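Engineer: Sequence order for the protein chains is A and B. Take the first sequence: its position 357, counting from 1, is numbered 357 in my numbering, and each next residue is one higher. Take the second sequence: its position 104, counting from 1, is numbered 774 in my numbering, and each next residue is one higher.
Just so you know, these hints were derived from the structure itself, not from any lab. Heads up, some of the hints might be wrong.
Unchecked claim - Below, in silico cross-link-like pairs of lysine-lysine (DSBU-like), each with a Cα-Cα straight-line distance of 35 Å or less:
hint, chain 1, residue 1, chain 2, residue 2
1, B, Lys1016, A, Lys465
2, A, Lys454, B, Lys773
3, A, Lys153, B, Lys823
4, A, Lys153, A, Lys225
5, B, Lys923, A, Lys448
6, A, Lys635, A, Lys577
7, A, Lys472, A, Lys454
8, A, Lys147, B, Lys823
9, B, Lys1016, B, Lys923
10, A, Lys647, A, Lys660
11, B, Lys887, A, Lys381
12, A, Lys267, A, Lys472
13, B, Lys922, B, Lys823
14, B, Lys923, A, Lys89
Given the structure is predicted, the values throughout are model-derived calculations rather than measurements.
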Amino acid sequence: MKKIISTIIILSFYSFLFSQNTSFTKASFPEKGKELKAALKNIKKGSKAFDKEADYRNAAFYFLKANEFNPNNAELNYKIFLCYNHLRKKEEGFTYLDKAFNLDSNLNADITFYRGTMHQYYCNFDTAIYYYTIASTMREQAAKHIKECNTGKQLIENEVRCFIDNVGENINSKADDYNPIITADGKTMYFTSRREGKGIKLADDGRYFENIYTSTKDENNQWTKATLVSELNASEVHSAVQGLSNDGQKIIIYRGDNNGDLFESEKRKGKFSKPKSIKEVNKNGRHEASASYSFDNKTLYFCSDRKNADDKHDIYKITKNMKDKWENIEILSNVINTNEDERTIFAHPDGKTIYFSSNGHDGMGGYDIYSSTFENGNWTKPVNLGYPINTPGDDVYFVITADGKYGYYSSDKAGGYGGNDIYMITFLGPEKLFVYNTEDNLLANTGKSFLHTKSIKSIELEPPKLTLLKGKVIDEDTKEPLFSNIELYDLNTDELLATFESDEETGRFLLSLPSGKNYSVNVKAEGYLFLSQNFNLPDSASYQEIEQIIELKKLVVGKEIVLNNIFFEFNKATLLKESKIELDNVYKLLTDNPNIYVEISGHTDNVGSASYNKKLSQERANSVVNYLIEKGITKDRLTASGYGFDKPIAPNTTEEGRQKNRRTEFKIVK
Amino acid sequence: MKKYFLLTIISFLLFSFTYGQKKEKIIVIKSTEHQAERLYNDAVKSYESKQYAEAIDFLNQSLKINDSLATSYHLLSIIQQEMGNKQAAIQTLQTYSKATQHKDTAAYMIAQVFYGDNNLDSASSYLNYCISKNPSYFNALYLLGNINFEQEKYNDAISNYTKVINISTTSADAYNDRASAKRMLEKYDEAIEDYNMAITLKKNALFYNNRGSAKMKLEKYDEAIEDYTTAILLDSNCYQAINNRGVAKIEKKDYKGAIEDFNLCVKRKKDYYAAINNRGIAYYKNKRYKEAIEDFNFILSVNPSEASAYLHRGNTKEMLRDNEGACSDWKKAAELGIEEAEGYVKKQCEKQ
């Protein structure tokens, strides 16, 4: 501490030698009466904007003009700092604070506190603590900041291993670029920019209106040149992207109307529909911003200041009812929400983790990003994501890919293309193993030394537990992309978890399947046989990506499909309850198409005798047919056949092959 | 004769009391009265001038005259060991054992030969025999403690060191050694108590170093650094303490200080690869990746099968964004048996 104080004294003395506080008076500028008058006029205009209108941008504009004439006035420099501080442009402001302090360290009671904020911002935590300790005003805030500085010291000591890279000029511009939002596979990004562009107008603050842009990754994994998503933007109002469904088919944007509201839009044939206000979420006159869909699109998390008189935001969630309408707004518990501001939210595709920014938890200053998981009906204590992801500045709008390997955020750090830029964080995981060598002569007289190795291992954090199922739905014959409905069921509870759609133009789809459920994924398109798949993912199933081309067969005679979600008791023909969803799909297909006649066939692997397998497969086919008859399908439309192991679709030499061969098929015969 | 015999025995006992702790001492018998002793003294002179054959001849003559002259047997066994004939040395001492009443001393001397030959089991058998004959035989108890330690029988070692301490309560070395045995049993607090006692009895660099290392185990890094520093002050060439202090500084995240220590250590002992390895790690921690690579390269140039150097170099290449290089090094480290490296290869090098 002594060292800090003496350094500060030396620096203050040094700067005193080079400049002194100069007042805006004739005595100071005897030869420049005209310029002085103009400067004083600018100060008056700035003060009016500052004090009466709280228009800090305008105030700064006039103050800076006056400062050009006389840069050595402590009071004016301090005022400029205050303007930037209100505008949350801390770094720009600190230059003026520093100048004001050097000109007159006793300018006012608050300057010591602000001096602390400056040192905190630059991670000089010990110096910051010194100023906060001696500050005579804002004691409560100073105490909070001291706590933040101590947290900051700890976080910097335990720096998160990652690379942070500017995503490059294909995305970033010389204007502010921020709010990156990505699809779960990290291949498509939407972001907000205040760049110049054809038809884009200037806002009141003299900068271009916010607009939404997109970029995708090319075959070399590089971001392509960003393009304006014109259908999402509106002229003369800010449009900023806030949330995106995992498959990129639904988007939530912020519009500056009505004090800030959220709008939703869906993709159709490659274009987003006209954004619609989410009336159930938007509250008149209140500010709603940042939103994120849950993995199944059935829950929407969002931030709003609806409950607080002081513009502080909390995180809420709203869920979809059976009619696909949003209802039941709930505020998240006080484990997540604090008395301060919770500003941004991102729900991870794993279905249980959220990332949010707050200035009310144990952070290192400004907004920090935290994660929390929903376990046993409660949110876990938020965890600070650590330095350098978090800094003493404002860290907001953080998103992370489904595999947890990459994150994106925006920052105005030095070295970018201008203003805020978007950066990619590559997480390197815990520290790698290092083996230190030490040596001791443990025994006094033998002269023998004992070599030791000390291994420093970090605890491996578990990667997200989910399966990312992605691919394309196409016509089996023409290979053309198909628009389809994709239903996601929990086979154990028969619950329809979510419905998705493949992209109308490309046929592409992307589903996140959090581990811990036995899923049935049913792909349906009009005029086609449905296709079902089974993904039994226990709690322990680790992250995986599955890419599939799903070929749907036209609903014509001769076409057959495997009913992947029909299950029987071992060595018996008794249907298991998990088969119900699949059987009901078959039933619906037959009722929707009353003119078709089908064969239900049973097949086995080659374990056991031919006669036994034939009998078993016949009985299993009979079970399916009987179920459908009981549901009301006429008997003459159904044929049950048991083929035993006569028609294998895979070699019986492996367990995987035998599993494929044990199946039930559905074939249109008439 | 009686007087002379007594002198011989006292001399021998004095000798055997220090035997096993320091370099062997040859005792010259101050007597010209008897021929066997004169011949022994002639043998000592020949031994000192490395005339081994002549010395053996004198000793054989001496033993012909007096077949229970302990010093002659002892010197003969030493010469035989130095000539590489340990079996002959043991036979000599076994002959002495038969000829003498001092079976404990003979057994201890045989144990010494086996210990020198790293035959710890046989050495232990003779020491146990010695102790069965004389339960207060200080040197036998001490040596047995050391053998127990080397055989990782730390509880037995503690028991024997305790007996030694009970015989001589001021034996700083025994306290140190018992502390080390306790340390190996991860009884760090008890170990520190014994090291404290050793230090109270004798200010010794080795004891401070060892206490520092016990404190390291308790993650008391500041105290460990203090002990290592005292060890270095007491013995500026105590390179182990310099190296160990560097590791403690890494733990304290004082990477610059650690690098300074490892540099000093290498200055004291040029070929001390442990310090070079540790310095590489400190460079890595200090984000001086290129210098870290240089250290790991150097280790691999000396020992191309040093698994940890491949691991460390791979870790460093990762930070230099040389993924291919990192994977190649991790693969090599995995081949050489580092399990974690195999995990890195699976996770970061194999295409998902």
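Engineer: Decide, hint by hint, whether the structure agrees.
Structural biologist: Against the structure, the hints come out as follows:
Of the pairs offered as hints, the one joining lysine 1016 of chain B and lysine 465 of chain A holds, with about 18 Å between alpha carbons and a cut-off of 35 Å not exceeded. Distance restraint check for lysine 454 of chain A and lysine 773 of chain B: the Cα-Cα separation of roughly 45 Å exceeds the 35 Å cut-off, and the hinted pair is therefore not satisfied. A hinted pair counts as satisfied when its Cα atoms are at most 35 Å apart, and lysine 153 of chain A with lysine 823 of chain B does not qualify at roughly 45 Å. Of the pairs offered as hints, the one joining lysine 153 of chain A and lysine 225 of chain A is violated, with about 39 Å between alpha carbons and a cut-off of 35 Å exceeded.
For the hint linking lysine 923 of chain B to lysine 448 of chain A, the alpha-carbon distance of about 31 Å falls within 35 Å, and the restraint holds. For the proposed pair lysine 635 of chain A and lysine 577 of chain A, the alpha carbon gap of about 23 Å is at most 35 Å, so the pair holds. A hinted pair counts as satisfied when its Cα atoms are at most 35 Å apart, and lysine 472 of chain A with lysine 454 of chain A does not qualify at roughly 51 Å. The hinted pair formed by lysine 147 of chain A and lysine 823 of chain B fails the criterion: a straight-line CA distance of about 50 Å is larger than 35 Å.
Between lysine 1016 of chain B and lysine 923 of chain B the alpha-carbon distance is near 30 Å, which keeps this suggested pair within the 35 Å criterion. Annotation: proposed proximity of lysine 647 of chain A to lysine 660 of chain A holds, straight-line Cα distance about 11 Å (limit 35 Å). At roughly 32 Å between alpha-carbon atoms, lysine 887 of chain B and lysine 381 of chain A fall within 35 Å of each other, so this suggested pair holds. In summary, the hint linking lysine 267 of chain A to lysine 472 of chain A is supported, as the alpha carbons are separated by about 16 Å, within the 35 Å threshold.
At most 35 Å may separate the alpha-carbon atoms for a hinted pair to count; lysine 922 of chain B and lysine 823 of chain B meet this at roughly 33 Å. Between lysine 923 of chain B and lysine 89 of chain A, the direct Cα distance comes to roughly 33 Å. Compliance with the 35 Å bound is thereby established for this hinted pair.
Violated hints for the displayed structure, listed by number in ascending order: 2, 3, 4, 7, 8.
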